[in-house]
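Protein chains: 2
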Amino acid sequence: MDSFTYYNPTRIEFGRNKENTIGELLAQDGIKQVLLVYGTGSIKKSGLYQRVIESLEKSCVQYVEFGGVISNPLLSHVNEGINLVKANNIDAVLGVGGGSVIDSSKAIAAGAVVETDVWDFFINKASIEKALPVYTIVTLAAAASEMNGNSVITNEVTKQKYSIASVLLNPKISIVNPELMMSVTKEYLAYSAVDIIAHSIEVYFTAVDHPNFQSRLVESIIKTVIETTEILMEDPTNYDARAEFAWASSQALNGLTTSGTGGGNFPNHMIEHALSALFNIAHGAGLAIVIPAWMKWYKEKNLSQFERFAKEVFGKDSADEGITTLQRWFDSIGAPVSLPKGNIPREAIPEIAQNAYGLATMWGMGDAYSVKSIEEILAYA
Amino acid sequence: MDSFTYYNPTRIEFGRNKENTIGELLAQDGIKQVLLVYGTGSIKKSGLYQRVIESLEKSCVQYVEFGGVISNPLLSHVNEGINLVKANNIDAVLGVGGGSVIDSSKAIAAGAVVETDVWDFFINKASIEKALPVYTIVTLAAAASEMNGNSVITNEVTKQKYSIASVLLNPKISIVNPELMMSVTKEYLAYSAVDIIAHSIEVYFTAVDHPNFQSRLVESIIKTVIETTEILMEDPTNYDARAEFAWASSQALNGLTTSGTGGGNFPNHMIEHALSALFNIAHGAGLAIVIPAWMKWYKEKNLSQFERFAKEVFGKDSADEGITTLQRWFDSIGAPVSLPKGNIPREAIPEIAQNAYGLATMWGMGDAYSVKSIEEILAYA
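Chains A and B, in that order, give the protein sequences. In terms of the numbering used here, the first sequence opens at residue 1 and continues consecutively. In terms of the numbering used here, the second sequence opens at residue 1 and continues consecutively.
What the hints contain is simulated information worked out from the structure, not anything from laboratory work. Accuracy of the hints is not assured; some may be wrong.
As the list claims (entries may be wrong) - Simulated coverage check for chain B against chain A, where a stretch passes if three residues somewhere in it have a Cβ under 8 Å from a Cβ of chain A:
| id | segment |
| --- | --- |
| 1 | 12-23 |
| 2 | 120-130 |
| 3 | 240-253 |
| 4 | 342-350 |
What the hints assert, rightly or not - With a cut-off of at most 25 Å between alpha-carbon atoms, the simulated SDA-like pairs for lysine to any residue come out as follows:
| id | chain 1 | residue 1 | chain 2 | residue 2 |
| --- | --- | --- | --- | --- |
| 5 | B | Lys311 | A | Lys172 |
| 6 | B | Lys311 | A | Glu227 |
| 7 | A | Lys172 | B | Ala368 |
| 8 | A | Lys223 | B | Arg16 |
| 9 | B | Lys172 | B | Arg16 |
| 10 | A | Lys223 | B | Phe314 |
| 11 | A | Lys311 | B | Lys316 |
| 12 | A | Lys311 | B | Arg16 |
| 13 | A | Lys172 | A | Lys223 |
| 14 | A | Lys316 | B | Gly315 |
| 15 | A | Lys223 | B | Arg308 |
| 16 | B | Lys223 | A | Asn89 |
| 17 | B | Lys296 | B | Ala368 |
| 18 | A | Lys130 | A | Val113 |
Stated by the list, open to error - FRET-style restraints, in silico, Cβ to Cβ:
| id | chain 1 | residue 1 | chain 2 | residue 2 | range |
| --- | --- | --- | --- | --- | --- |
| 19 | A | Asp120 | B | Glu187 | 34 to 42 Å |
| 20 | A | Asp120 | B | Thr361 | 57 to 65 Å |
| 21 | B | Gly334 | A | Val371 | 55 to 63 Å |
| 22 | A | Ala368 | B | Asp235 | 32 to 40 Å |
| 23 | A | Ile53 | B | Thr361 | 29 to 37 Å |
| 24 | B | Gln28 | A | Thr116 | 19 to 27 Å |
We put the beta carbon where it would ideally sit given N, CA and C, even for glycine.
Next comes chain A alone, as it looks inside the complex (with noise of 0.2 Å):
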């Protein structure tokens, strides 16, 4: 087991009616006016952003309010939320939202405090030393970003969906209150599903070290995704199997599967990231195109594990069954499993290459995978 650094200090405020205690959460911190991010609405037709509004009131927390995140968040939006900061009083923001407002968020909390260009963090030309504090109440149970201090951003003018990691952006607390998250549409609980998935697999095939402690960890998180899955499928409103999902989701990626593990790598995220950034597909449906190709490319650099995958997950007896199990359950919630149905043209495979090898480089991948290599990838896909 290789050396590491665990440290997650965000503080989880799990369960129903939770996110009706974010105004005291707030005020006990002595926060006085916090910056509300939000997407595009959803949350005023829930009625959840009057409830949030409600008790930032009553414990007399001012706001701001910046509205307009879109899913594949963009450069350009974070920036506005950031001058907003940077004219106002404001001394935290507040998510509310799935993955792509909390990142907003975070990135809207490192920028803030600074002035240079917040993309400067997100390609490594300057680094992280401080932060507003960020509270969250999560409406999507996919990304994790509640729980860590990642966010990912997009740059329209680039065309670059790249990432940003601190413990300094890791949630002061965050509100997971399952019942927020029974509106989501079926399709985009697959898309969660594999997300959460995907998180789990990328170091658990990757690493360096495989502790077996964390493998069975992984296992256990794809086990229950998948089981509760299926119930969602059936039964969008069973609070059991939705604070389960939650919670394996914010597990799949909070430091913890990955410790001792000697650091994998993200190759699928990263594949992923080039056909989003490119075609805006959603981010858990670009995995399931990406996973199944990745995994038949990879399998023989790391067959033990592969094996362990297909028995321990599926009880199948070989890496293969294991990899088209997957795919299968993939296809059966209705995820894209290939190019063609995530309606991406083959041709643009030597533009999508082109466009990961750039995140490959930047995440210290450059030597593992080529263009070519991610060439051949997708051509499984």
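Go by the hints and put chain B onto chain A.
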């Protein structure tokens, strides 16, 4: 799944030689002088003491020494430590040792900042509102004290082994170097394994709710502990086995396995605390006596979870087989599995039950565990 708060702000620094960074880590946090708490001198024999001192001196962190913590640590000794802090200009407590040392460090950290008697916290007469920061270097994996806010102290006057819990007592940083654990005797390795399993199963069996993910997590911890204990009995210096054992130990009692379970209780610890308060038996040895007895007594109250345990952990088909397999495994590693094997006379059962009942009341189990039912449990031991 029940509502919960998960908040574990302890930073873990895990791996070889990490103890040599303690001075730097303390200096980074602005700590000028620590109370250096340790046990009966094994850290001096092993050379760890010297390395810690060198690291502190290199970073100009001053220290006041406070050795002499014994297993089942004593209130009188904690009070000496509190007086030492109050008489000096000390801004943190650094515990170097096993669970007893860390538990003592926490009690000192809580007691040193108030004028009231620290024992008031243990008997619920006062609540912990502040504490000095605690840092730890762990030499024995068992208590998980390095990653939680719990402290168990024995009042030798009243013969009460009672506990406190507060996130304010969570160590700020804990250093876990598996190499420091290689000199643990086989006897204490066995007791540690039993202790970790005890932490895992208490809530697993007694919880209001049993989310699958949390149950899987517990089963993963137990399987990891069993397989690594068997490796370490043959090969005590196996680094990877020590490392997995240590990390599983931290996970067993850091709040993760119990999140969403609606809160179970700790009947095995309740009875064991009476055993060790009265007979000064090692905690893990006492647990090996209590656990199989309690399981036999309790199994009908939650049969499906006992059947699940038998199947998932041991591949057995019935609750009874699960219990006897665990008991035989405790026996095989050299832990006492009955009162006679622990040299505790059966005649002491009424006295043990009476003492345990005091704790049952304290821990809110007074309704579920009468003196008579504790006697019934001990009749199986």
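Mind listing which of the numbered hints don't hold for this structure, in increasing order? 2, 4, 5, 7, 8, 12, 13, 16, 19 and 23
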